[in-house]
Each structure stands twice: as C-alpha cells, then as structure tokens.
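K.L.:
Chains as they are written, first to last, in this note's numbering: chain A, 1 to 99; chain B, 1 to 521.
Keep in mind that the hints were calculated from the coordinates and are not lab data. Incorrect hints may have been included.
[Unchecked claim] Here are the simulated DSS-like pairs of lysine-lysine, each with C-alpha atoms no more than 27 Å apart in a straight line:
no., chain 1, residue 1, chain 2, residue 2
1, A, 95, B, 308
2, A, 95, B, 32
3, A, 14, B, 506
4, A, 14, B, 434
5, A, 95, A, 85
6, A, 86, B, 434
7, B, 119, B, 308
8, B, 213, A, 51
9, B, 119, A, 13
10, A, 96, B, 373
11, B, 434, A, 18
12, A, 45, A, 95
13, B, 232, B, 107
14, A, 11, B, 308
15, B, 373, B, 107
16, B, 32, B, 119
17, B, 373, B, 434
18, B, 107, A, 96
19, A, 13, A, 85
20, B, 372, B, 383
21, A, 86, A, 96
22, B, 511, A, 14
23, B, 511, A, 18
24, B, 372, A, 96
25, B, 373, B, 501
26, A, 85, B, 275
27, B, 501, A, 11
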Amino acid sequence: MSTQEVVNSEKFKKLVTKRWAVSFSLLIILFIMYYGYIMTIALQKDFIASKVIAGGSTTVGIVLGLGVILGAWLLTIVYVIWANKKYDPAVAEIKKEIQ
Amino acid sequence: MQSTLGQANPIAILFFSLVVLGTMVITYFAAKRTRSTSEFYAAGRSVTGFQNGLALAGDYMSAASFLGISGIVALQGYDGIVYAVGYLVGWPALMFLVAEPLRNLGKYTFADVVASHLKSGPIRIASAIGGILVVLNYTIAQMVGSGKLIELMFGMKYLYAEVIVGTVMLLYVLFGGMLATTWVQIIKAVLLLLGVTVLAILAMAHFDFSFAKLFMSVENLSSLTGTQYHGKELFRPGGLVSSPLDAFSLGLALMFGPLGLPHILMRFFTVPDAKEARKSVVYATSFIGYFYILIPIVGFSAAVILTKNNLFSLMDKGGNMVAPLLSEILGGSPFLGFIAAVAFATILAVVAGLTLAASSAMSHDLYVSVFKKGNATETEQVKVARISTVIFGVTAVAMGILFENMNVAFLVGLAFAIAASANFPALFLSIAWKRFTTYGAVWSIIAGGLSATILIVLSPTVWVNVLGYEQAIFPLKNPALVSMSLSFFVALAVSLALPEKEAQEKFDADKVRTYLGIGAE
C-alpha cells in the first residue's frame, strides 16, 4: 500500500478514531474527578473539613486530595497499558503493509 | 531555638559547590557532544523515557513548588493541598492529548508542530511570540523568587544571587545545550526527591510515623503557647477556592497550562520516538505525584514542629522558609545545608530549561525558519542558538534585578493562563482538527494571549493585590475560562469562515506521521 492508501484504509481510520475515543474517555474521567473535587471544595467546605470516621483524625479533604493525585496517576497508567497492548501492535501491523 | 538560616553555612556552601562542580563536569562532557542543532536543542534524541521522565519532573518541580507549597500548607493549611493536586492533573491531560503526536510531528519546538501543515511564516511568528511570552513571565518569576531565596538562605546580596544564577545556567546551556540541561535537570530532580523524602521521613519520625498523631497535633495547635493558629482551620479550604466559577477557571489553567509550556513540550523532542515520549509522561507523573504527596506532610509537620520550637517568627510572609527551617530543626545545619543546596540546584536547572526553550523559539522558529526561510547551515544555526541563549540569559538577569521589589507571584499564573489560552489551543487543533487554518491559528494565539494578559491585569490578582485598587474590573482571579474559550472560539470561527484547502491536504498526508511515526525526526 502507498501512504495515501494507508490513510484512506478502514484499518487506519479505525485506529485514529479509537485513539481519540480512548483519550477523550480518559480525559472526561479526569475532568469529572478533578472538577468533582474542586467543586466540593468550593461548595462543601464543612464536608471537606469533616472527619472520615467520627472521632478519627483524618479529614475527608486529605483523603480526597490523595485520591485525585492517585487517580490521575492511574489514568496515565491505564492509557499506557492500552497503548502498549492495542495501539502499538495495530501500528506495527499497518506499517508492515506499507511498501 | 535559634536558626542559622541566612548566615553563611559552611556545609551549605560545600554542598552548593559540589552541585556546581558536578554539573560543570557534566557540561564539559556534554559540550563535546553538542555540535549539531539536533544535539543542541534535542540532545541528539538520545534521552530514554525514564531519564526524560526525571527531567520533565525536574522542569516542573520548581523551587516555588517545593518551598512555596510546603509554606502554604504550613501557613494556610488545606489550600496548599488544592495547589498540589492542581499542579498534577495537567500531566494525564498532556499524555492523552498531545504527547505522542507532538513527538511525531515536531523537530525542536512546539511551533514545528503547529506549523507542520500550515503556512510556516505567520504561524511560527505567532507561536514563537506566544512561547517566548510564557517563558519570559515564568523566568521573571523564577529569577525574582530565586534572588530573594538565596538572599534569605545564604545571606548573599540579591544582585550577586541574580548574577551567579544567570552565569552558571548560561554556562550549562551555552556549552552543553540540551544534553547538559537535561542531566542538570535529572540530578536536580533526584536530589530534590531525595531531600523531600528524607525531610518527610524525619518529620514523620517526630510523630512516631503515625498520620493520626500528625493530624491530631495539627488540630491541637491552637492550644500551644505563642501560636497564631486555630488548628482545625488548617483542614478547612480557605480563600483559594472561593466561588465555583473561580475554581473552574483556575482549574482550566492548571490542567491545560502544562500543555502549552514550551520548556516542557521541548523535552519530548529529546527522546527517540513516541513510545518513549509516552513512557516519559508516566515516569514524570509518578515522580511529580510522589513529590506532591510528600509536600503536605512536610507542610503540616512544619506547622507543628516550628510552633513548638518558637521559630514561627523567623518565617517570611510567603512561607518559603518553612521547609529549610524544618530541615534545620530535624537534621541540624548539615541537613539545612543540603536542602539549601537542593533549592539552589532547583533554581539553576529550571532557569536553564527555560532559557533553552526561549533560545530555540528565537533562533529556530524566528531566525532560521522565518528570517532565513530555513536556509541556514548547521554551524550558523548552532551559532545563532548560542547568541539567542546569551540574549535571553542577560535579559533574564536584567529583569530579575529590575523587578526585585515587585510582587511577581502572579506571573506564574499569567504564564499558565497564556500557555493554556494561546499555545495549547493552537497546538491541539493543529494535531487533531483537519480544517484548522493558518489564520485560525494565528488569530487564536493572538486572541488567547492578549485576552489572558489583559484580563489578568484587570483581575483581583493584579488590579487589587499588586496595583492596590479597591475593586477588580474582571471578577475571576485566573482568566483561563474566558481567554481559553475565546481562543478556541476564534480558532473555529476563523478556520470555518476562511477554509484552507492546502492545509487540509497536508493534514491528511501528515497523518501517517502523526499516528504511525513514519517520517518522524
């Protein structure tokens, strides 16, 4: 196949669509997670300052903050696992067809 | 307890000399391998994903994020954590939206990517100016902050501090190019992560490694003598996130700002391919996430330990000295010396990275690509790169001295706002949108950059805090919500109104490069 044929092939188009679908899904999760956190801070200050377990010492805010950091990190891991397992092999396959 | 902070600490000077000496040795060896433009700007594309992850983390973990955020946590409590979280969330976004296509489409600068299927001249001028504006604002904030910091920490005169930072970082960039700058960044990142880890462990040892005990002690702060704290208030979000709209706007700048910071984007051209680029983001996110989890521990422990030792009076208003003071109490003057040297290395490395990014925009984007239309020999290109490095370095020092007594904290916010509003929309649309046009890009950069700058001046951040007026004209502290939306709107409107057929054809032809890496440099 020539590069022009590659660009027009179903396989390639599907790969591109899939790539952005995965990216945007993960971005939306990140958005919901982060803005959920920020909006809780803006609107529910008492809840943020309250204790996770009554009588304990750790506050909800600490746990949520830690959760968003870990969650954001996990999303990058999810993306890399997807890219390694699905995207790279698909790219390699298409590349083989190009002469 | 007394502190030796601000006096010439022999151990600080020893560590400081070791850092400078070590990085100079690296620069010497890097200089031997820095002859071509690809070596000067992109370290010959020889950096691995792991190394680049450390270097990216190094670029991002500035002295402001180490000393500044631990200080905010110690003084204001929870607001510091909101910053820490906010500074991390840009990284996954960077991964999802730009990292791999950026690597595949670019050569030395992000403007290469924006220009890849559009008309080179106007695009490069616009994106180079957007890039330089971001870097300049960021650099001025770094230079002024670093001068003050060195003054406080080593008792050195502000003027000397500026000149020393300027000279040492110029030596790195000028002779060692990207290779030296990367290694300086890696060493600094390792030292910083090590320093913060040791500091957090020593601090937690004070609380018998129990978070419950740490949080209890913070809460009971109000009962200690000589305290200005209401302990419980430290767990309550303060003024940082006041209205939802304000929060949303600041969040946008923090999330999309990193996707338009030229010195961060430039690092993606130092790795061999898109896969390594992807890996570097994971490593960078891991290191930065780890760092921002430790920083609140340092801040909260400092609030308790410094109050117990009656050292709170020694702190500056911004809280920058919280971490150094804590390290002195916990590890004596040797550890203070180490932390001070780490802070200094951090400043040097960050300013060096910024200078290299500015230099590449001036020489590669403006001089070689626009002025010489790409017709410049390797020798000439490297020569121009070195000249622009000196020009920017001298400007940075001059600006640092000029702005000594100004409140420049808002400049980092401005840099993020311009990055998110001018650079990011153009970069992202050029990667993902077929119908994006040259004029769409140019006008979106202008609209985003100008509106971000004007609105931040009219916002409470500058209008009230810096200029001292009663009431701000523009209500949001960070303009990203308006300026970034405007930039995207202008990009869409102009591109749809004036279609550019050539750009669409080139976009399709470039697709194998964007997604498969075929033909990537």
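K.L.:
All the hints need checking, so say for each whether the structure fits it.
P.N.:
The hints, checked one at a time:
A hinted pair counts as satisfied when its Cα atoms are at most 27 Å apart, and residue 95 of chain A with residue 308 of chain B does not qualify at roughly 65 Å. About 37 Å separates the Cα atoms of residue 95 of chain A and residue 32 of chain B, which puts this hinted pair outside 27 Å; it is violated. At roughly 20 Å between alpha-carbon atoms, residue 14 of chain A and residue 506 of chain B fall within 27 Å of each other, so this suggested pair holds. Restraint check: the Cα-Cα separation between residue 14 of chain A and residue 434 of chain B comes to about 16 Å, which is no more than 27 Å; the hinted pair holds.
For the given pair, residue 95 of chain A sits about 16 Å from residue 85 of chain A by alpha-carbon distance, which is consistent with the 27 Å threshold. For the hint linking residue 86 of chain A to residue 434 of chain B, the alpha-carbon distance of about 25 Å falls within 27 Å, and the restraint holds. Between residue 119 of chain B and residue 308 of chain B the CA atoms are separated by roughly 63 Å; this puts the pair beyond 27 Å, and the hint is violated. The suggested pairing of residue 213 of chain B with residue 51 of chain A holds, with an alpha-carbon distance near 14 Å, which does not exceed 27 Å.
Proposed proximity of residue 119 of chain B and residue 13 of chain A is supported: the alpha carbons are some 26 Å apart, at most 27 Å. Under the criterion of a C-alpha separation no larger than 27 Å, the hint pairing residue 96 of chain A with residue 373 of chain B is inconsistent with the structure, at around 36 Å. A threshold of 27 Å between alpha carbons decides the hint, and for residue 434 of chain B with residue 18 of chain A the separation of about 17 Å falls inside it, so the pair holds. Restraint check for residue 45 of chain A and residue 95 of chain A: the C-alpha separation of about 54 Å exceeds 27 Å, so the hint is violated.
With a C-alpha separation of about 52 Å, the suggested pair residue 232 of chain B and residue 107 of chain B falls outside the 27 Å cut-off, and the hint is violated. Proximity of residue 11 of chain A to residue 308 of chain B is assessed by CA-CA distance (about 66 Å); at most 27 Å being required, the pair is judged violated. Taken as a hint, the residue 373 of chain B and residue 107 of chain B pair is honoured in the structure, with Cα atoms around 16 Å apart against an allowance of 27 Å. Simply put, residue 32 of chain B and residue 119 of chain B have alpha-carbon atoms about 36 Å apart, too far for the 27 Å limit, and the pair is violated.
Proximity of residue 373 of chain B to residue 434 of chain B is assessed by CA-CA distance (about 25 Å); at most 27 Å being required, the pair is judged to hold. Restraint check: the Cα-Cα separation between residue 107 of chain B and residue 96 of chain A comes to about 25 Å, which is no more than 27 Å; the hinted pair holds. For the hint linking residue 13 of chain A to residue 85 of chain A, the alpha-carbon distance of about 19 Å falls within 27 Å, and the restraint holds. Note on residue 372 of chain B and residue 383 of chain B: the hinted pairing holds, with a Cα-Cα distance of about 14 Å set against a maximum of 27 Å.
Between residue 86 of chain A and residue 96 of chain A the alpha-carbon distance is near 16 Å, which keeps this suggested pair within the 27 Å criterion. Taken as a hint, the residue 511 of chain B and residue 14 of chain A pair is honoured in the structure, with Cα atoms around 13 Å apart against an allowance of 27 Å. A threshold of 27 Å between alpha carbons decides the hint, and for residue 511 of chain B with residue 18 of chain A the separation of about 14 Å falls inside it, so the pair holds. Distance hint between residue 372 of chain B and residue 96 of chain A is unfulfilled; the C-alpha atoms sit about 39 Å from each other, more than 27 Å.
A C-alpha spacing of about 23 Å is found between residue 373 of chain B and residue 501 of chain B, which places the hinted pair at or below 27 Å, so the restraint holds. Taking the CA atoms of residue 85 of chain A and residue 275 of chain B, the gap is about 12 Å. The hint holds against a cut of 27 Å. The suggested pairing of residue 501 of chain B with residue 11 of chain A holds, with an alpha-carbon distance near 25 Å, which does not exceed 27 Å.
The structure fails to meet hints 1, 2, 7, 10, 12, 13, 14, 16, 24 from the earlier list, while all remaining hints are met.
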